[in-house]
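Undergrad: Sequence:
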Amino acid sequence: MRLYIAEKPSMARELAACLKNPQKANGYIKTAGGIVTWLFGHVLQQVEPDAYDPKYKMWRADDLPIVPKNWKLEVNPATVAQFQIVKTLIGKADEIIHAGDPDREGQLLVDEVLDFVGNKKPVKRILLNALDETSILRANENLRDNAEFFNLKQSALARSRADWLIGMNLSRAYTLAAKRYGYDRLVLPVGRVKTPTLALVVRREREILNFKPVDFFTIRTLFEHVNGNFVAQFKPSKKMLDLPAFDSEGRLIDKNFADELMKKFSAAPFDGKIISYKTTEKKESQPLPYSLSSLQIAAGKAFGYSPQQVLDAAQSLYEKKFTTYPRSDCEFLPTTQFKDAQRILKNLSVTKDDALKKLVVHANATIKSRAWNDKKISAHHAIIPTQKNLSGALSEIEVNIYKLIAKNYAVQFYPLHIYDETVVEVKYKDENFTARGKVVKQLGWREFYVAPKIKADDESENLLPIMKTGDDVLYKKSQLKQGVTKPPLRFTSSSLVQGMKDIHKYVKNPESKKQLKDVYGIGTEATRAAIIDDLIQRGFLKVVKKILQPTAQAYLLIDALPDEMTYPDATAIWEDKLHSMSEGDGSLEDFLTGQVNFTTKLCAAATTAKFTESENIFKCPNCGSALTKRKGKNGEFFWGCTNYPECKTAFDDDNGKPDFDKKNFSERLLKEGAPKCPNCGSALVKRKGKNGEFWGCSAYPKCKTTFNDKEGKPDFNAKKFLPIKNSAEPKNFNSADFEPIISSADFV
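First residue of the sequence shown: 2, per the numbering used here; consecutive thereafter.
One should not assume that every hint holds.
Mimicking DSS-like on lysine-lysine, the simulated pairs with C-alpha atoms at most 27 Å apart in a straight line are [stated by the list, open to error]:
#1 LYS283 <-> LYS543
#2 LYS711 <-> LYS672
#3 LYS515 <-> LYS578
#4 LYS389 <-> LYS404
#5 LYS658 <-> LYS687
Hints listed in this document are in silico derivations from the structure and should not be mistaken for laboratory results.
Turn these sequences into a full structure, and let the hints steer you where they fit.
TA: Structural data, given as structure tokens:
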């Protein structure tokens with residue numbers, strides 16, 4: 002029996018339909034080509050820390066980092082029934098076809114099930130980049146040995162375990178650290194990708210809030226040539242840029258200096274000379290088809306859609322067979338699909354959208370753009386339309402996303418955009434001026450895409466007169482234009498996705514910036530939208546008119562964490578290593594060793610992490626941490642140190658406050674028959690000291706009277722037992738010497 006294991010039910014249904022004669026059963030579909038069953042994404046999940054050791058159920062800084070020796074998985078409770086069906090079918094199969102999504106996670110989620118049940122049967126891999134019948138049948142005719150994708154699986158496994166190590170350990174470490182500053186009910190989730198992503202927004206917001214606008218000046222000059230006039234812009238020399246009149250970005254910021262230049266230029270003589278005149282033919286390639294991230298960015302700019310909305314719409318189009326696999330990080334296409342172009346374009350030509358129809362009608366299916374590149378293809382390719390006609394009821398967002406995908410595919414069959422770019426350099430009064438011009442020779446694909454807006458100081462669209470090096474020119478006049486620097490734009494969901502993708506722009510280390518320029522960013526195509534949504538749901542980001550703004554707890558977390566966790570340098574390097582691992586470079590063991598070392602270092606740093614103190618907190622007189630109100634075994638409230646169990650100081654509740662004088666504590670004990678301190682009249686409490694059990698005054702540290710224990714009672718007739726020096730001040734008090742005999746459950 003041949004068994005196909007799909008990632009989800011929708012994929013299983015499409016696959017079964019192409020295998021002919023589908024017959025539904027409980028948890029699987031019988032077909033002429035074999036049995037098709039399905040998973041629900043990851044049906045297995047990593048266990049919680051207490052599954053490795055029950056002691057980890059309580060969060061303790063001393064237990065960190067938690068590093069499993071043998072990693073464990075468990076069946077997701079919501080998928081137990083389907084898992085059992087899949088397990089039974091694997092046992093009956095002769096051959097298994099892995100039909101997970103063609104990406105890192107899709108590879109792992111089927112492989113981990115096969116490993117979990119101890120499968121020894123032969124496994125083949127089907128790569129379903131599209132769910133139309135032609136694509137499925139073609140993929141089924143080109144099955145590959147699943148062993149070829151071992152490295153992809155290892156990469157996914159490394160990502161999963163690294164996320165567990167950092168998430169489980171650092172979330173505990175910094176949540177416990179925050180408790181010491183009074184944040185008793187705040188859980189701080191720290192993530193390998195999530196935290197540096199949040200830090201991007203926090204730093205951007207602070208950059209905007211601290212931004213001070215600066216005036217700057219540009220000088221544009223009109224020159225006369227025998228063949229016509231043209232405008233050139235003053236360009237300061239390298240030597241001049243060292244003057245204080247210019248800022249670090251080369252902008253002229255001194256108005257008086259600018260006025261002096263204007264006077265200099267407007268004084269005779271007015272002779273200038275062309276010192277360089279160069280014309281270069283430029284060829285601009287068609288925009289590449291979309292990956293998920295580039296589609297999310299484009300849809301965000303065009304329609305204001307959030308990344309999650311775009312992913313949902315692209316997934317729906319894929320499941321309806323109108324477009325190919327959506328969670329792709331690739332913007333290229335295999336050359337084997339070039340032969341499908343004529344049919345896909347013909348299919349697009351019957352669309353009801355006039356703009357798209359015009360684009361497709363004049364497309365030339367013989368043009369082969371740079372998008373067709375087998376060397377850039379791994380398990381999946383760019384998102385493109387299928388050969389299925391767009392039909393049925395689609396939402397507005399689905400239609401708009403489809404048009405974007407179809408447009409970027411169709412322009413692959415238009416000529417290059419070709420133009421001549423001319424750069425002119427003028428020498429006048431020993432200063433340099435530059436002019437640029439552009440002449441379009443072939444509009445090509447640009448007919449359907451608006452060119453980027455020209456900056457105010459950019460003359461690239463000007464028509465320049467015919468000139469040559471050495472020609473004379475005459476100065477006519479200059480114009481001094483004043484501008485003002487602007488703060489960077491706040492992030493939207495789509496621009497934050499772009500930031501995650503172009504992460505090299507935000508790293509701290511200049512060397513890392515160079516190294517990471519060509520990496521795939523942080524996060525994956527499938528997870529970036531979910532990460533942003535999770536930060537919003539957890540209250541670390543809020544959306545104000547589509548703008549992302551950090552909340553107070555976002556600042557709290559980012560300010561407490563070390564740079565290694567808030568800057569993306571390490572995460573981006575890890576992502577690069579994960580990608581390399583998927584191609585066979587690097588091992589799971591080496592990668593995880595690095596993650597353990599990193600986690601250990603940051604757990605240690607958490608013990609000295611500084612948080613802004615929470616308002617209206619009561620501090621522990623022993624260690625300075627915050628006290629928090631808790632409920633004991635008897636239902637009575639008391640105040641315990643948030644640094645428990647490292648510090649076990651506790652106080653009774655006195656009308657919503659800690660009873661630092663221990664008045665209520667003493668009165669309650671005396672009513673219950675506790676012995677009375679002969680010194681101050683307070684109750685004596687049985688405690689556990691370094692030398693055994695003893696009785697100490699409940700009014701400690703104001704009263705330090707103590708007695709040895711004799712058969713469960715204070716030995717009033719014996720010499721006093723002093724477990725600490727009489728000279729000890731309260732600030733030196735070691736609570737472990739005077740620990741009340743209570744259960745740790747009182748502090749949970």
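Undergrad: Could you tell me which of the numbered hints above are not met by this structure, giving the numbers in increasing order?
TA: Failing hint: just 1.
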